[in-house]
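Q: Now for the letters of each chain:
There are 4 protein chains.
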Amino acid sequence: MKEMLQKILAQNRCWIKYGKVANYIPALAKAEPKHLGISIMNIKGQAVTVGDCCVKFTMQSISKPLALIQALLDSGPVEVFRKVGMEPTGDPFNSIVKLETLKPSKPLNPMINAGAITTTSLIKGKDSIERIERLLKLVRTMAGNKNIGINREMYMSEKETADRNRAMAYFMRDTGVLEGDVEEVLDAYFMQCAIEVSCSDIAAIALCLANRGLTIDGREIVPGDIVRVVTTFMVTCGMYNASGEFAIKAGIPAKSGVSGGIMAVVPGKMGIGVYSPALDERGNSIAGVHVLEDLSAWLDLSIF
Amino acid sequence: MKEMLQKILAQNRCWIKYGKVANYIPALAKAEPKHLGISIMNIKGQAVTVGDCCVKFTMQSISKPLALIQALLDSGPVEVFRKVGMEPTGDPFNSIVKLETLKPSKPLNPMINAGAITTTSLIKGKDSIERIERLLKLVRTMAGNKNIGINREMYMSEKETADRNRAMAYFMRDTGVLEGDVEEVLDAYFMQCAIEVSCSDIAAIALCLANRGLTIDGREIVPGDIVRVVTTFMVTCGMYNASGEFAIKAGIPAKSGVSGGIMAVVPGKMGIGVYSPALDERGNSIAGVHVLEDLSAWLDLSIF
Amino acid sequence: MKEMLQKILAQNRCWIKYGKVANYIPALAKAEPKHLGISIMNIKGQAVTVGDCCVKFTMQSISKPLALIQALLDSGPVEVFRKVGMEPTGDPFNSIVKLETLKPSKPLNPMINAGAITTTSLIKGKDSIERIERLLKLVRTMAGNKNIGINREMYMSEKETADRNRAMAYFMRDTGVLEGDVEEVLDAYFMQCAIEVSCSDIAAIALCLANRGLTIDGREIVPGDIVRVVTTFMVTCGMYNASGEFAIKAGIPAKSGVSGGIMAVVPGKMGIGVYSPALDERGNSIAGVHVLEDLSAWLDLSIF
Amino acid sequence: MKEMLQKILAQNRCWIKYGKVANYIPALAKAEPKHLGISIMNIKGQAVTVGDCCVKFTMQSISKPLALIQALLDSGPVEVFRKVGMEPTGDPFNSIVKLETLKPSKPLNPMINAGAITTTSLIKGKDSIERIERLLKLVRTMAGNKNIGINREMYMSEKETADRNRAMAYFMRDTGVLEGDVEEVLDAYFMQCAIEVSCSDIAAIALCLANRGLTIDGREIVPGDIVRVVTTFMVTCGMYNASGEFAIKAGIPAKSGVSGGIMAVVPGKMGIGVYSPALDERGNSIAGVHVLEDLSAWLDLSIF
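Residue numbers (our numbering), protein chains in the order written: chain A, 3 to 306; chain B, 3 to 306; chain C, 3 to 306; chain D, 3 to 306.
One thing to keep in mind: the hints can contain errors.
No copy is singled out in the list; a pair is fine if it fits within one copy or between any two copies.
Below, a list of computed lysine-lysine pairs in the BS3-like style, where the Cα atoms sit at most 27 Å apart [unchecked claim]:
#1 K105 / K19
#2 K36 / K271
#3 K58 / K139
#4 K148 / K46
#5 K19 / K4
#6 K161 / K128
#7 K100 / K161
Because the hints were derived from the structure by calculation, they are not lab data.
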């Protein structure tokens, strides 16, 4: 297995030069473009890691499915899906157009920014600290890593460059989708984007989803019906504007982040964490996407 | 099994009254709203049918995945996906907006009208008759029913009321997506929508997809990689603007048509055909959707 | 003249019942729907007023051309039109769509909210108080009324219900159109909307524009080239989504506000202020529009 | 006067090199980019022409206000404005988006393609020949030139490259805006675009509008109220996406065409025809626009 991973890693390094590290948030731009790491954890808890696996990076959009889990746990599916839709969109993840043109106005799904901000608002807590602590607790439990925390520099950087998200949040408060203190919700959202992890953490979290929400020794962390909802969203909307293509080419439920991480869930089999910060034009890790396509082909991991 | 199907049928009849038979094509409006039929064929070729299973109806959008298969066989994936995208869309199936706003202009996927018209143009043939005969041959082989043909009245009715499709087709010729004689391509498209089938035909076709493109006795009709592509599209874009919701609630690759039919593929297990012409507001058979959700829950058919 | 005005007023009262007082800002909803007042001031300074002319109301969008004047005085046309366009739009005054879809992103004109917020940001001042004081000074001078001030209740009400404007402002800061402290610019914008006037004030201000920026006794308040720019905008974009229709039916440069006021400029002849808070569906005073159409017909005031 | 025109012509030749001859219709691409001609006819019928004034060119969009006149004469304003709106748009002249997004669907004004096609459908006639003959008769009478006719090569070229217009026409028939035989209406529309004129013809037609629809010797060709409507549209929507800017900078009611012609109406004073086929990015004659701005400044022609 390790050998195979090393081969896959080696043959996909070449993609990095066609990608670009995200730079719209200054702290993101500091990432080393050459990094590429893969971590796999199977259903028996055995882990294999190759490449730059110890590099820490922030979750960014990878936090979206996890925030959705916490919101579903806290507010229930009825309330969550009264506010956020279930449909994929052909628009970019930070588009505001449909919030105006769709009637009734409702973000199309929880994997685009507008939907994710709404999801975060549905995590219980009297303020952003309480919300983020609930989410952090979930993340730490799923990852089996108590040391996971917030990258403070990234959080501050997000906060300072978040006018597009702010615009969406205020628009949604105007239409009644978002309630309460917008800046407070955004604050929790920026913190969740700045949760710092490694490939191995991501693989462990993905494994928990692959194992229907159970730990390796069988304790339930996330109820099975919530796991099903979340992995379905990962297929239909997990890879930004390239979700459809990734479903066809790799067929693995996955969620990417603009930091260059990808969390991939192979139901009943394994959790995968990939990290490589050079992104393609849709915002997905360019080498990461190819690594997962190769892995899917070699190990026949497609759910389709 | 038959008993269970009858129960499911009985408990979902109540939905019919909340739906409406499509009326934008006059010939469609003649359907009997009360009809509801289910046909299931398992991987061993055993069939169970309940309700109004002998009623004939036209394929409408159910023909889209089949035309995609024929186009992939005839023109290859490179050419097909140079012209049509792989991404789901948040817009209605007959929306023209994205053809103007997306650069480069390209229909988002082959399950919306613009994409399907393009797909049909990629079926080989010197005219609409040759194209439709190639497609009909595929459909007949997959269904194991040589008698499948075109409903002429429906075809004429489609043709007369197809200005929206015509608008999209001319727009796409303007942007270079569609080539050749627009009216001739549309003619083939209208015929394909008017292919007449029963629930059992649909179940048999679905079974062929569920069986990785093989007949029950193991002959390959559709190559496995094409089957995978098509069933993936059925998940991400098969149920119009409710594809995401259906993936979450039923989790079965499916394609609906405005005639009220739904073709559902349970990989490795069975093919399902449902028919009930009263539609919900998104254009899916209202009782049909609920039947499939129940079936999925009772038999644990979700791929997620 | 007074008689004619009274006739026009009498015959247009009937429209009021087809309109509705704006209610999206609570303080606006308190207006008395039955009010209807007309004030005309001619180039010799003679004034005629009929109806509810002493009722005070807030300027709302009527402040937009005045803020544009101050921005042009303060920042010059090059800077102003680098940030704001000159083109009318078919979209509603509070639409955010074009800010995303137009490249480069730039509000289409200074008479829609996005453009007006930008205009306000181009009025000099170290904070919102300084900006609004500059604008108030201009308004007072044009109106010849030192007592014009801010309606504090309305200002607070605007501020509390301004999430849509906030969304646009943050979006524009994201795209680089708006600079500096968004909340501070918005604060000035909310105050300018809450400037309190009567029909007579509006007529006097309009007269100043009708007189090419001069007072009746010939002192220049606004340079002629700025007057020309502003009155042109009033024709192409002054009456929200009904500007084209109003240009055809009345042909008078005019600017309306959702408080129910309309400021109309008849170049070389007169300034007109109309007030009646019941609005048509586009946000213009329903009786006010008809009064101006009648006035234009009776006195042949159209510039076309 | 002639001297002044020659100066204006000389100093604006330099703009030509920044423009580009339209090439989306092959026959248009044959125009000589260096051509620049100006023709002015005053209210007394005196004409001055400078530059390439004898060059023939096709009307293209300049035919839109004339078709509007004929439609208003034939079908009346109520019927015309039931089908076409009065509002300017921020979208390009060939945009189809608003036909889908606006409810009820209605082209925004008669100066964009969708609106103009509708206008042509409202000219009486049992077929395209009858419609175009009515329009030609009007054009010839207004121009005082019986020899004006259709450029057949251009007409055929329009017809062959008109898929975008075809798309809009079929879309509008789908929504009920356009009735009857779409290809027949389009045929008339393509012919009207291909009406061949010179600068002097344009100046004469413009003069008729400038003279409130009367010939120089006082015969009424177009009723005054229709003239008013048409010149108003020329201000709010006559110069494509640059109408607002042109209103501010030149302030003359004008209509441009992609052939490089501009028809400008100075009410009560003169008619102007300008021709220079190199276009700016919005589709207006680049030298033509500057010539008119200079003329307006030198002779103080702005209506504002």
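Q: Checked against the structure, which of the hints given earlier come out wrong?
A: 2
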